[in-house]
Structures are given as structure tokens and as C-alpha cells.
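So the sequences go chain by chain: A and B.
Reading the first sequence from the start, the letters are residues 0 to 232 in numbering that gives the first Met the number 0.
Reading the second sequence from the start, the letters are residues 0 to 232 in numbering that gives the first Met the number 0.
To be clear, the hints were calculated from the coordinates, so they are not data collected in a lab.
Beta carbons: idealized from backbone N, C-alpha and C, even for Gly.
There could be a bad hint or two in this list.
Claimed, not checked - In silico DSBU-like pairs for lysine-lysine, Cα to Cα no more than 30 Å straight-line:
{"id": "1", "chain 1": "B", "residue 1": "K169", "chain 2": "A", "residue 2": "K169"}
{"id": "2", "chain 1": "B", "residue 1": "K77", "chain 2": "B", "residue 2": "K169"}
{"id": "3", "chain 1": "A", "residue 1": "K65", "chain 2": "A", "residue 2": "K77"}
{"id": "4", "chain 1": "B", "residue 1": "K25", "chain 2": "A", "residue 2": "K169"}
{"id": "5", "chain 1": "A", "residue 1": "K106", "chain 2": "A", "residue 2": "K65"}
{"id": "6", "chain 1": "A", "residue 1": "K95", "chain 2": "A", "residue 2": "K197"}
{"id": "7", "chain 1": "A", "residue 1": "K197", "chain 2": "B", "residue 2": "K65"}
{"id": "8", "chain 1": "B", "residue 1": "K169", "chain 2": "B", "residue 2": "K106"}
{"id": "9", "chain 1": "A", "residue 1": "K95", "chain 2": "A", "residue 2": "K65"}
{"id": "10", "chain 1": "A", "residue 1": "K95", "chain 2": "B", "residue 2": "K106"}
{"id": "11", "chain 1": "B", "residue 1": "K65", "chain 2": "A", "residue 2": "K169"}
{"id": "12", "chain 1": "A", "residue 1": "K77", "chain 2": "A", "residue 2": "K169"}
{"id": "13", "chain 1": "B", "residue 1": "K65", "chain 2": "B", "residue 2": "K77"}
{"id": "14", "chain 1": "A", "residue 1": "K106", "chain 2": "A", "residue 2": "K25"}
{"id": "15", "chain 1": "B", "residue 1": "K106", "chain 2": "A", "residue 2": "K65"}
{"id": "16", "chain 1": "B", "residue 1": "K197", "chain 2": "B", "residue 2": "K95"}
{"id": "17", "chain 1": "B", "residue 1": "K65", "chain 2": "B", "residue 2": "K25"}
{"id": "18", "chain 1": "B", "residue 1": "K95", "chain 2": "B", "residue 2": "K25"}
{"id": "19", "chain 1": "A", "residue 1": "K25", "chain 2": "B", "residue 2": "K169"}
{"id": "20", "chain 1": "B", "residue 1": "K197", "chain 2": "A", "residue 2": "K197"}
{"id": "21", "chain 1": "A", "residue 1": "K77", "chain 2": "A", "residue 2": "K25"}
{"id": "22", "chain 1": "B", "residue 1": "K169", "chain 2": "B", "residue 2": "K65"}
{"id": "23", "chain 1": "B", "residue 1": "K95", "chain 2": "A", "residue 2": "K169"}
{"id": "24", "chain 1": "B", "residue 1": "K106", "chain 2": "B", "residue 2": "K25"}
{"id": "25", "chain 1": "A", "residue 1": "K25", "chain 2": "B", "residue 2": "K25"}
{"id": "26", "chain 1": "A", "residue 1": "K169", "chain 2": "A", "residue 2": "K95"}
Said to hold, decoys possible - Calculated from the model, a selection of chain B residues having no Cβ within reach of chain A, i.e. all distances over 10 Å:
{"id": "27", "residue": "S10"}
{"id": "28", "residue": "A21"}
{"id": "29", "residue": "V34"}
{"id": "30", "residue": "A37"}
{"id": "31", "residue": "L38"}
{"id": "32", "residue": "A55"}
{"id": "33", "residue": "Q73"}
{"id": "34", "residue": "A83"}
{"id": "35", "residue": "A115"}
{"id": "36", "residue": "Q117"}
{"id": "37", "residue": "N122"}
{"id": "38", "residue": "S191"}
{"id": "39", "residue": "I192"}
{"id": "40", "residue": "S199"}
Protein chains: 2
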Amino acid sequence: MNSPSFRNWQSVQDEVLRRIHAREWKPGDLIPNEVDLALEFGCARSTVNRALRSLAESGLLDRRRKAGTRVTAQPVAKATLDIAVIRHEVEERGRKYGYQRIDCGLKIPPLAISGAMQTDADNPLLHVRALHLADDAPYALEDRWINTGVVPDALDEAFQTVSANEWLLKHAPYTHGDIAFSATAALAEEASILSCPKQSALFVIDRLTWDNTQAVTKVRLLFGPGHHLRTRL
Amino acid sequence: MNSPSFRNWQSVQDEVLRRIHAREWKPGDLIPNEVDLALEFGCARSTVNRALRSLAESGLLDRRRKAGTRVTAQPVAKATLDIAVIRHEVEERGRKYGYQRIDCGLKIPPLAISGAMQTDADNPLLHVRALHLADDAPYALEDRWINTGVVPDALDEAFQTVSANEWLLKHAPYTHGDIAFSATAALAEEASILSCPKQSALFVIDRLTWDNTQAVTKVRLLFGPGHHLRTRL
DNA sequence: AATGTTTTTATGTGCATACATATTCACCTG
DNA sequence: CAGGTGAATATGTATGCACATAAAAACATT
């Protein structure tokens, strides 16, 4: 029973992963406690702790004080999506990025918008629409409302060359956000902007960004047919 | 300049977050090193390390040895989606879960499937189609191919009452998976199963699960119109 | 049996220290 | 000046120890 040196937390983690995967420890099973594992692996308890904590964070282990550590029965796969600036997203795929502002101006928003952003119904917000291009073809249509009460500087911007997407990241701090993915059929105008048939199935990302209790911006991104959002898990 | 006790890593993290958010440390800025921060906060370096490492994991800080720690210029928002078993997903929304198997049998898969799964083109796979219901209304259509070479036990299952979704999680180990989200227009048969109009925009999740180098299963989930996948960031 | 109290136990965290490792930066050499 | 070399430095991690904390389990009390 030579223990081939599990002296760093990565290798401890690998070994634990191996045992889970090899079903030596089955889903739902209680695994040995940290002290015993440290003894077996010939390392410090804190090293084992680091490894197990990391696995718990990624959802493979369930840990509770006194109750011990067990293999998650039905691991909730955690797909981590990287929502980057659209320009980066396009360039990372090796395509040329392009940007066209469509329109921009202060407007009283629809009730659905002021409601979601919790602003007064008669309070005008900055509305910006723009098209993101990849290799000169339409990539995504951005429809955004900006709370000028929170980001007054946005009023001085026309978003002609810099997308609101990027400008806001640089100028508007935020604490958290809600994001939702869905599918919708292209309306006539949307279809014409994205140069796709009317009623095409579009991939949608809705994002609402908050600075503590105040909504900063609400954006809807419509992606042309065939768009895929991929990740690993 | 009283330092009101930053003696645990959470409060250190909160304070760092506050400074980033208050723009005392702006995007791109280099922040003080761990030793200095530990001194300022009156705690051990390892405590500061824990706090900063955690922030780096969530993408708010960029850390490099010797180069130091800086506030991420354009934070890549990491949206973590929890992809649970569909039954749990439905029940968590407080709705009644239902399940109907549509069909199930060994079949030679289309080339697109055998190609993606890297199985021989003439190798039959187990094909299962099923409908998931929420409050007796169609919720998601599951179309799945199972590699019986990897999960031979699946042949003994008819998936009449237990969904392949759940059965596999319990019986088939896997190491990793690819997942993709997109939108598609409902074909005639899909529309009829989901009882929605033909050509409706459906939300799609495609998942391909691997056990090391062998594909375990490939599944396509079609969600009815109006479905949203939400998360926080 | 129902309820409240104490003990036990596994994880969670903090600290001081030491050493590892990746980079940068300054310096040296041809 | 180009290019290589080595010192300096910030983060990364392992260790041993101590104590905190949650929660189960054992025990006592009514």
C-alpha cells in the first residue's frame, strides 16, 4: 500500500475525483473524514480541506459540519458561461468585429421596462439600439435602456463608435445582475435588421444590471439564427 | 484611520469589493500586495490570500506572480447555470412533474449523431424520446441517444416511468460534457408533441456527455415557447 | 414519550512560518 | 544594442497548531 505522494492539494483532488469516478465512493456515500484522509495521503489536514472544499464548490461533494462529506447524489451540473463584451466574443472566434448604432435618445420606456427597472413610469430613460456585426454580417441586435439617474454621463455619449455594451462596463459600476436566456420569433423589423426571415427563431439574452437597489441598465440581445452559446461542464 | 477588524476572509473580501465598487481601485488598477494589505487589515497574509483568490476565481481580479493583483478591466461575467434533473427543475418552481415516454429502441443513428459521438456509423445506439410535463402541460421534449457500448445496462430499461435523464445520472459515470444553448423553430411533429404552433421559437439545450474518450449520451432538450433559463451574476 | 441539556465530532477558519515558482527588472557581456 | 543571466519580488501552497461553529448523538429531566 504505497501511497505515491499526495503532497499537494491538486493531486489529492485528482485522487478523490478518481475514486468518485471509479465508483469506489458512490453517489450518496459518506467519505472518510479529513483527518483520516490526511493520514492516508500523508499530508496535512489543510491540504485535504483545500481539495475537498474545491470539489464541494464545483458541486461534486456535499459537506456539512459534523455530518461529514458525501458524494453528491445528483450532481447539479454547473455550466459556467462567460458573458464577455460582444466585441471580444466575436474576435475570439477569429472574426472581424463591426458595430453600427441604429438609434439613441431619451424616451419614456414601456411599462414593462420601467416596471422591471423599478423607475417611475413617467421617467425618461436613455434608449440605445445597435447592431453588432461579425465579418460584416449581422451578429446581434442590442436593445438597451439606461437609467440616466444612475449614469448621467451616458447622456453625453452618442454611442456612435463605442458600443453601450463596452462603455457601460468602463463607466458604470454595478453590484449584481439578473440574466435570462430564451428563444423568440423575429418580428418584422428585427428580421430586417438581422437580415433573416421573419419569424426566425432567435436566441435571446436579457440582462438587468443593478447598483445595489437601483437598476443601471436593461439590455436585450437578439442573436441571429444558428447562434450557439457553448460551454463545458 | 481605525481599521474596524478585518479578521476573517469574508470581511476582507467585502472590503475589497467595496473599494472596487466605490472606484477607489479602478478597473485595471494594481492593488497593494498581500503583505501590505494584511498589515493594513491587521490579519495574516493567508487570510488576505483567501479573500483575493476567491475574488480572482469569480473573475473580478487578475492575479499573476510577481506582477501583482489588479482589478479586471472588463470583467467577464461568469453566469453559473445550474443544470439539474428536469424533475427537480419543475418541482422547484412549485409545479407538478409528469413524465411520458414516447418511444425507445435500438437504431442506427443519423450520421450527425454518430459523428458527434464518435461511434461507428453502422453501430446501433439506444434512442429514447420522452416528454416532460409541468402541471400536466408539455414542458420539454427529450430526444436522446445512448451509447450501449458504455452503458449496456440501459438496454434492460424501458424508461417507462423513470426518465433517461435521471436513470443515467445514477448509473452512468461521466468525466465531462459539452453543452450548447440555442433557438430553433418547431417542426410539425415537435409542435404537436409540445402542443404549440408549428414554427414556434423553441429554446434548445444540447448536451454531449463523455466518459474519458467515449461518448456516453447525447441529448437534445426542446423547451416550449416562453421558457426562460435564469440566473444571477 | 416528549423535551431540554450536554457532549462529541467533523468541518470551517485563522495564524505563523517556510519554501516553491513565475515573472519582472536590473545588470552584465559580447 | 541585443541578448543572456541572475537577483528581487509577489503570489502559490504546504504544514502544524489553535480555536470556532454547526449539528448529530447521547444523556438527563419532566
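Comparing the hints with the structure gives:
no.: 1; hint: K169/B - K169/A; result: violated, 46 Å
no.: 2; hint: K77/B - K169/B; result: holds, 28 Å
no.: 3; hint: K65/A - K77/A; result: holds, 26 Å
no.: 4; hint: K25/B - K169/A; result: holds, 9 Å
no.: 5; hint: K106/A - K65/A; result: violated, 57 Å
no.: 6; hint: K95/A - K197/A; result: holds, 26 Å
no.: 7; hint: K197/A - K65/B; result: violated, 55 Å
no.: 8; hint: K169/B - K106/B; result: holds, 24 Å
no.: 9; hint: K95/A - K65/A; result: violated, 55 Å
no.: 10; hint: K95/A - K106/B; result: violated, 42 Å
no.: 11; hint: K65/B - K169/A; result: holds, 26 Å
no.: 12; hint: K77/A - K169/A; result: holds, 28 Å
no.: 13; hint: K65/B - K77/B; result: holds, 26 Å
no.: 14; hint: K106/A - K25/A; result: violated, 58 Å
no.: 15; hint: K106/B - K65/A; result: violated, 50 Å
no.: 16; hint: K197/B - K95/B; result: holds, 26 Å
no.: 17; hint: K65/B - K25/B; result: holds, 20 Å
no.: 18; hint: K95/B - K25/B; result: violated, 48 Å
no.: 19; hint: K25/A - K169/B; result: holds, 9 Å
no.: 20; hint: K197/B - K197/A; result: holds, 14 Å
no.: 21; hint: K77/A - K25/A; result: holds, 20 Å
no.: 22; hint: K169/B - K65/B; result: violated, 46 Å
no.: 23; hint: K95/B - K169/A; result: violated, 45 Å
no.: 24; hint: K106/B - K25/B; result: violated, 58 Å
no.: 25; hint: K25/A - K25/B; result: violated, 47 Å
no.: 26; hint: K169/A - K95/A; result: holds, 22 Å
no.: 27; hint: S10; result: holds, 17 Å
no.: 28; hint: A21; result: violated, 8 Å
no.: 29; hint: V34; result: holds, 21 Å
no.: 30; hint: A37; result: holds, 18 Å
no.: 31; hint: L38; result: holds, 23 Å
no.: 32; hint: A55; result: holds, 14 Å
no.: 33; hint: Q73; result: violated, 5 Å
no.: 34; hint: A83; result: violated, 5 Å
no.: 35; hint: A115; result: holds, 13 Å
no.: 36; hint: Q117; result: holds, 17 Å
no.: 37; hint: N122; result: holds, 25 Å
no.: 38; hint: S191; result: holds, 17 Å
no.: 39; hint: I192; result: holds, 17 Å
no.: 40; hint: S199; result: violated, 7 Å
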